[in-house]
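Protein chains in written order, with this note's numbering: chain L, 820 to 1095; chain D, 1101 to 1165; chain P, 26 to 563; chain U, 14 to 198.
Since the hints were made in silico from the structure, they are not lab data.
Treat the numbers as computed from the prediction; the structure is a model and nothing was measured.
Ideal placement from N, C-alpha and C gives every residue a C-beta, glycine not left out.
Treat the hints with caution; some may be incorrect.
As the list claims (entries may be wrong) - Per the computed footprint, the stretches of chain U lying under chain L, defined by three or more beta-carbons under 8 Å from a beta-carbon of chain L, are:
1. 44 to 54
2. 67 to 76
3. 177 to 183
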Amino acid sequence: MSEPRISEPHVLDQPWRVWATVTVLAIVIIGVILGVVVIPVVQGRSAGIDAYTAICRALGILPGSPAEPQPFDRTPSTPVSQVTWTPEVLQILARADPERGRAKVAEVCVACHGEQGVAVVPEVPNLAGQSGAAIYKQLHDYRTDSRTHPQMSVIAKALEDAQIADVAAYYAGQPKRNPDPATLAESPAAIVRLVELGDPARNIPPCAACHRPGAGGPIEAPILSEQDRDYLIAQLKMYASGERRNDVYGRMRTIAARLTPAEIAGLARYYRAGFK
Amino acid sequence: MHSDQPSASDSPFEVADEVDEAALARVMRVVPLGAGVLAGAAVALLVLGYLAIYLLVFIPRGTIG
Amino acid sequence: MRNVERLCLAHFWVAFGAFLAAAVLGTWQMWVRSPLGADVGTPGQYFMSVTAHGVAMGYVLTTFFIMGFGYFVAVTALARPLPGKAWAWFAFWMSIVGVIMTTVPIATGSASVLFTFYPPLTGSPWFYIGLVLVVVGSWIWCVLMIVAMAAWKRENAGRPVPLAMFGTVANAIMWLWTTVGVAAELLFQVIPAALGLTQTIDVGLARTLFSWTLHAIVYFWLLPAYIAFYTMAPRAAGGRLYSDTMGRLTFILFLIYSLPVGMHHLLMDPEHGNGTKFIQVLLTAFVSAPTLLTIFTITASLEIAGRLRGGRGLFGWIAALPWDRPMVLAVGLSFVMLGFGGFGGLINMGYGMNAMIHNTSWVTAHFHLIFGGSVVIMYFAIAYEIWPRLTGRGYTSLAPLRAQLWLWFIGMMVMTLPWHWLGLQGQWRRVANFNYADPIIAGWGPWVIVSFVAGLVLLASALLFVRNLLVLHLSPQAAIARPLYALAVHPPQRVPAALNGFALWNVLVLIVMALAYGYPIAQFAIAPSPSAIVHRIE
Amino acid sequence: MTELHPEMHERRILGTELLWAFGVGVLVAATLSMIVFTALTMNINPPSNVERIDPKALHLSGEFAEHNLGTTVAADGSVTTRVVATQFMFVPRCIAVPQGRRVTLRFSTPDVIHGLLITGTNVNTMVVPGYVAQVHTEFTRSGDLLMPCHEYCGIGHSEMWATVQVLPEGEFKPDSEGKVSCAQR
Chain L
820 MSEPRISEPH VLDQPWRVWA TVTVLAIVII GVILGVVVIP VVQGRSAGID
870 AYTAICRALG ILPGSPAEPQ PFDRTPSTPV SQVTWTPEVL QILARADPER
920 GRAKVAEVCV ACHGEQGVAV VPEVPNLAGQ SGAAIYKQLH DYRTDSRTHP
970 QMSVIAKALE DAQIADVAAY YAGQPKRNPD PATLAESPAA IVRLVELGDP
1020 ARNIPPCAAC HRPGAGGPIE APILSEQDRD YLIAQLKMYA SGERRNDVYG
1070 RMRTIAARLT PAEIAGLARY YRAGFK
Chain D
1101 MHSDQPSASD SPFEVADEVD EAALARVMRV VPLGAGVLAG AAVALLVLGY
1151 LAIYLLVFIP RGTIG
Chain P
26 MRNVERLCLA HFWVAFGAFL AAAVLGTWQM WVRSPLGADV GTPGQYFMSV
76 TAHGVAMGYV LTTFFIMGFG YFVAVTALAR PLPGKAWAWF AFWMSIVGVI
126 MTTVPIATGS ASVLFTFYPP LTGSPWFYIG LVLVVVGSWI WCVLMIVAMA
176 AWKRENAGRP VPLAMFGTVA NAIMWLWTTV GVAAELLFQV IPAALGLTQT
226 IDVGLARTLF SWTLHAIVYF WLLPAYIAFY TMAPRAAGGR LYSDTMGRLT
276 FILFLIYSLP VGMHHLLMDP EHGNGTKFIQ VLLTAFVSAP TLLTIFTITA
326 SLEIAGRLRG GRGLFGWIAA LPWDRPMVLA VGLSFVMLGF GGFGGLINMG
376 YGMNAMIHNT SWVTAHFHLI FGGSVVIMYF AIAYEIWPRL TGRGYTSLAP
426 LRAQLWLWFI GMMVMTLPWH WLGLQGQWRR VANFNYADPI IAGWGPWVIV
476 SFVAGLVLLA SALLFVRNLL VLHLSPQAAI ARPLYALAVH PPQRVPAALN
526 GFALWNVLVL IVMALAYGYP IAQFAIAPSP SAIVHRIE
Chain U
14 MTELHPEMHE RRILGTELLW AFGVGVLVAA TLSMIVFTAL TMNINPPSNV
64 ERIDPKALHL SGEFAEHNLG TTVAADGSVT TRVVATQFMF VPRCIAVPQG
114 RRVTLRFSTP DVIHGLLITG TNVNTMVVPG YVAQVHTEFT RSGDLLMPCH
164 EYCGIGHSEM WATVQVLPEG EFKPDSEGKV SCAQR
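Pulled out of the complex, with its shape left as it was, chain L reads as follows (with noise of 0.2 Å):
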């Protein structure tokens, strides 16, 4: 075989380079043609949208369909929590100090949460190791109302925010006690297999999605180990009843709701054992 008469490259180059380029554009261009131009244009017309808002929604300039008319809606608003997780708001939380919480909840909490944040009689729930996040959404609700209770409304609405975030900071702080082995044994497994798996049949999904540290869930959701059995069955059946609340788009309402009292009772009793 001869050697093969290498010819320049470049000679043979010219029409790949040319040709190349000239059918990846036009593809391109057939694309937005049709895609930003035509069908918009075509389908605005059926719903009597003008071609120009058409183009625009389809380059999603405006919003809606190039399809069909935009809905509106002047619907006002009624929210059921007033508490917002902006940045600033977690800027608050994160500069909250606790020294300065220790001064105001000697001051005002300690009668009955306890210093410790172990509460002294059993209506009122333990703070101690509680989230930063759940105790400044409680206290900014019952400072708007959104939700009631005779001394905690007037307490909370004497509080800045700065105030509530120092206050929730320095029961965060606080240890939480060590659960009573002997009450972890007692949980039947049907209970345990709501905390861990939910119920699928009932739309309940598991405590543990939202009430577990770390899973994930919304932010406000408040841990709920060492929580006083009558205070979390209060909860529960003020939940279910409707007369509680502020949980933003009833999420607890619609699971408590669902729940048979004897499952309120068995989740009361393993929270009151701290979850493994």
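Got chain L sorted already, so can you dock chains D, P and U onto it with the hints?
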């Protein structure tokens, strides 16, 4: 398996294979026909399947926009 | 060839080790979501397993196999020692550290965000930093491949680069282009959020940047299978490659058209208008071009082999093919799965029709058939083909190899065909436990059990695969039977520079990416989506 | 038969490849033309509505306030269903929609990425925080359908589903405020 001497490398330039050129020329007269028909039938079947699902399953489920 | 065996074997054993572990997890998942395992395992464990299965199969098996195979091709196809071998080992160990940094948070449940991240869900920073290390390790591999080809071209001015190396470098360049998306998302959005430096994240931008990577990464996984189709299958079948030019054109078309189409993963997303989505659908239609060219060219190559072995008539050549050779069997089975998987993809890209099956088991069936099926079965075939060259030993019998390939094919087909049917009925993805009491879901139970049984077949095949390779390490020494790479019907004498290098194509990719992704990403700079609060998973 | 001139031979190979490319190109064009045809004549698109909304304050918005969710029939007869996808449930848990009438479904999320499909229909969309996802369709078959969340949104993802009651024309009766809720079955 037909074995020949272990090659220093497997680069195609150094190692011819046992395909006989004349037999290859004879074969090359008819070759892509079988492949074309087989592959063509397969692709045509796929596209027909696509059009069938588009018309018989997708459209009857209601327009989407 | 003498200096890269240990490097290649190290990469392959890490790849296949991760593969085996992930195969076990995959089968466990099939059991847990079936009626048989309704109360087994918690959702936390299930999503931990899905994350591990995805990361191991999608990032570890693929990246390490492709790097090992690239080093092998660079040495054997170019017939010269590997430049920068020390760098290769450095990249290997860096990727190993990356894998460990990724695996530990997954195992402790602090990274159950699946291998697609889903911000604002945010896992442990170590998970993401580990992935970045694996990607940076693979970037070093890309540079080594490009340097190896450039050095060879300097020594062989004017001669065409061997097709296997041309494909490997096309894959390296495509990988460099596509990792820009996930690297930007991780470095500028997800890792700062995971470290707590930022409290919010622009989810629309994060999904668009991830989609930049999400499609070309599957072609990064797929290209080694195509390199085997073009450069190994014809020789293994005893024939010639029908057209070397088509091979080069296929790899170039993959480079150009796999990159700008990532947004077809976002057809159902609210952050893009349907104008840009239509452009993506049109470009995706052209991504099928290289695959359609390949099935014709490779079938023609096999036809040559079949007729040379006495095959008569229109399809007589099919029976005449040496189906006893693992590579030939694998290519046949791979093409069948490519047909079914490709059909699934054709439906996925149907613009409005995507709404029929988005995020259903139809999509799971699509990528298990194309990646899990036709690509991974070629990974097996490539491993079987080059293991003797790496270890200097020969197979005592090919029967267990063929059995393993058949088991994988049967398992994959039986697992995925029911998924197509269930996907059309709306079976949705990533479910830890189904509510089989619901009348709609109850009908799915038997099919999920069928898929679970197929999962057991796949597990058996995975175990048999690792066993086959281990046994080869202990078999007697043997001379290599025949050369590896195929000859074309007309070996190319001279090839236009455009088919021998990537300068032109890189420019075209830049243009196409600017046209396809320019506006969608610029849109987030002009009108950023309102940010969402980060939800940490610890 | 002697070896033909290789140049002619190679050109014949590339000729067959070109013929194949043309044939396959026609088939691919057929798939695309079906898409363009149905887009032009039946307004079929993937659901696309680039409408930004702040997820952090979604519960403060008027449209996605708790009492405004569910199906509403406006004065001009247009049916709009508003649903919030939140960790780990759809609010409301059951939505009623008419059979055979145009319906606009609007979804949004206050927290992470969700997604949904309605079994047996073409309703399918991702729900991304920061945007209102909007789907226009009509339900061709009546009955109770399943609307699961089909995108991983956390540990409770598997339990996140809602029911869709497609009511025949006769049973789809809005109340005084134009609201339609699920029949208790």
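inquiry  = Going through the numbered hints above, which ones does this structure break? Give me the numbers in ascending order.
reply    = Going through the list in order, the structure violates hint 3 alone and respects the others.
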